Amino acid sequence: MTYEHIPAEKFAFVQEDKKLRDKALETKARGFFADAMIRFRKNKSSVIASYILLFLVLYAIFVPMFSQYKITDTDSMYVNFPAFVPSVADKGWGILDGARVMDSQNESAMLFWKGIATETGKDPVIAKVNTYATEVKYRGKMVTRYTYDLAVNMYYAMGILYRNFNYAEFQRIQDWQNETGIQVIYPYVEPDDISGIADRPNIWYKCDASGAAILDENGDFIPAYSTYQEKAGAEYNSIRLPNDPGNWVYSTAKAGSVQCRVSYYNYYIYRNGHEPSYLMGTNAMGMDLFSAIGVGARFSILFAIFVSAINLTIGAFYGAVQGYYGGMVDMTLDRISDILSGVPFVVVTTLFQLHLAQKVGVVGSFLFAFVLTGWIGMAALTRKQFYRFKGQEFVMAARTLGASDFRLMFKHIFPNAIGTIITSCALVIPGVISSETSMTYLGIVNLSSFAGTTIGTLLSQGNAAATTAPHAMLWPSVFLGLLMICFNLFGNGLRDAFNPTTRGVDD
Amino acid sequence: MLKYTIQRILYMFMVFMIITFMCFILIRMLPPAVLPPGDPHTEVVMMRREALGYNEPYLVQFWLFLKNIVTKWDWGLSEKLYYGQDVWTVFIRKLPPTIIVNLYSIIWSIPVGVGLGIFAALKKNTWVDYFLSTATMVVISVPSFVYAFLIQYIFCFKLQWFPFLMKGGTDYFSLAMLRSLVPPVLSLSFGVIAGFTRTTRAELTEVLTSEFMLLARTKGLTKAQATVRHALRNCFVVIVPAIFGEFIGILGGSLIIEGIFAIPGVGGLTLNAITGLDYNIFMLSTCFYTAIGLAASLVVDISYGFIDPRIRMGSKK
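These protein sequences, in sequence, are chains A and B. Just so we're aligned: the first sequence equals residues 1 to 507 in my numbering. Just so we're aligned: the second sequence equals residues 508 to 824 in my numbering.
Bear in mind the hints are in silico, worked out from the structure with no lab data behind them. Some hints could be false.
As the list claims (entries may be wrong) - With a straight-line Cα cutoff of 20 Å, these simulated SDA-like cross-link-like pairs (lysine to any residue) come out: (1) K42(A) - R740(B); (2) K574(B) - G560(B); (3) K359(A) - M536(B); (4) K206(A) - M110(A); (5) K587(B) - I444(A); (6) K411(A) - S341(A); (7) K665(B) - T313(A); (8) K665(B) - V101(A); (9) K359(A) - I534(B); (10) K587(B) - L354(A); (11) K631(B) - A465(A); (12) K665(B) - A464(A); (13) K665(B) - M110(A); (14) K254(A) - D149(A); (15) K42(A) - S640(B); (16) K665(B) - T420(A); (17) K44(A) - V645(B); (18) K42(A) - D636(B); (19) K390(A) - M328(A); (20) K665(B) - A465(A); (21) K44(A) - K665(B); (22) K128(A) - N106(A); (23) K128(A) - Y162(A); (24) K665(B) - D149(A); (25) K665(B) - V129(A); (26) K359(A) - P538(B); (27) K631(B) - N43(A); (28) K42(A) - N632(B); (29) K44(A) - A642(B); (30) K44(A) - Y637(B); (31) K359(A) - L537(B); (32) K579(B) - Q592(B); (33) K44(A) - K587(B).
Given the structure is predicted, the values throughout are model-derived calculations rather than measurements.
Take these sequences, add in the hints, and give me the full structure.
Pasting the structure below:
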């Protein structure tokens, strides 16, 4: 069959009146960022990391905001105390019960704990972890002596403390007691009645000179509360102990004030309006670690983002000029950044602190220290990108059309480099956090007065008591570790998503 | 190559002088330390200050500072921490512990790190590789004082295998000393190991997929032969300079680890000089750290050229 002589009527116009159009795209167009996002989402670890990161950031924002503790709320007695939440502790699950193990507690120590439990109604002993029996010869007979390793609730174990109040405060506490029914002030004990022991406010019973309780025939404590009305510091007409015959004295006179025995736990409620409740325990300053970490992290993250933004801007400009002009300009600017990058960071920070802290504040000078050398990496990166793009045809075309240098740099070349630059910014942030933490950890920079606290400060405070209160070091470490890992994973994921060619290459 | 090396050295020296000059002026601009009256050294320090031109312009002071160093290797007297003592003597006394700790640390971490890297690269895309890569990532992200804390708490406190702090004295090779050095060495090693694992893995995976490896296999080499003779050599072009750089870096030590384990090294000295505002010691530390940083980058740069004949730096092409 040939097509040589096809009659004209066999032909028909495809379209005569209709407009000819391209078919509408059935799928939505995907931009550069959307494409990158799809690649990013495929990277499971980065996605998980970004969720954890989001969680940590939300923690830093909201925990200090909604916590019942402000960063200035420090308690002078609850220092380096383990985690304790009263409602959870009551359940007896063995968590959040403020427990610390005290080893080799003998019988008289057990009586001491029992004394606290009897008087305040809060038993500090949570459980016996270990029991050791030893046979000793006592007055010619072999007797078995027991010692215990006890899990002790540190908050309850504080028991009673001596406190001095002026008369007005003493009255206010009494009023508060009447109102709430919580007893803060306990009957006074004259040291003379307890074998002259004046530094152990928890003893309220007859005891020998070593503080060991002397029991009556039923094995009960014999109260040694003061009945010397003439020594009373001030009038007391508030809650009394249930077994009070009515003549126990609740304070003693000191110069211009009264001294009382107060249950510190209840005194804490009186002062703060709530029970002590520390989800992560307290640190060496008596801060609530849970909210202190939030406060510190908030500063660290904000500071790091701020520093990165400044460094990004400076570095981008510097690198753009270097890369665009090349030649002598490039070389000169390169020498300058060489010199700046040669100065050790510790030295820069110290010198800035010494010179500028008086004038622009600690944070300002710390910021300058970061900015002085921080942009160099960014500049090198931008410079490389500019060298890559500046010879390409689209730049030449724009130049032919008469675009100025500035326009060429920032309208035509820079947008091509922005993916690389942004992603490296995500990797700069953890670097800044790390250096900032090191500097505050070492105490070269002290940001406590500005930021309340920082993770580095918390860590250095925790490190001082790392063996007795490991939690004070552990939680900031966990937080910082997670933050760093997630930032790095997130940054790596972003980089792989934006520059698929460099995937898997860690540099 | 020689010309390039000399050029680089001269250039580095110039950079070093400029940094020293800047830091010197910034330090001298600070008010000098207040001296304790009545101390026998006070008069000496005052006279030294006079001789060093504390009342002259800064340029003159810098000239005197340089002259003293070049002619007498005199870095000045400590004015706070080691009152009246020669700064250099104090400093040089602090150097051995730092070097020892860091030396032990890199001596075992470089083989381990490179080994793990090779292992990960050979097992690429298996669970071993994923595990090692993730672990490396985690280790690099977490700051060293966190390890130091964990090691101190677990090994020194709970298990009581090692003492808490570095043993005093100068018997750096005795058994007791070695034992007390394990925790700081371990804390320092994690980062180094992870760094080398990552570099080696990245480098080796790239080399393993290149075409000359295919050629090596096709001409009959076994996989092991090809890896050892061809791939490893190529990836050492990157690793060996890094090792050199690491060796220079041992002089610097770590401010943080030295503080935690009470190592009487230069890091601690620097930190004390900063907090105690002992400017002469601080000046010396500044020069020292700057020199180390520059030297490390110099050695890395130059060794590239010596190791890899393909890289001819300084030539026109």
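Which numbered hints turn out to be false for this structure?
-> The structure conflicts with hints 1, 6, 7, 11, 13, 14, 16, 21, 23, 33, although it agrees with all the remaining ones.
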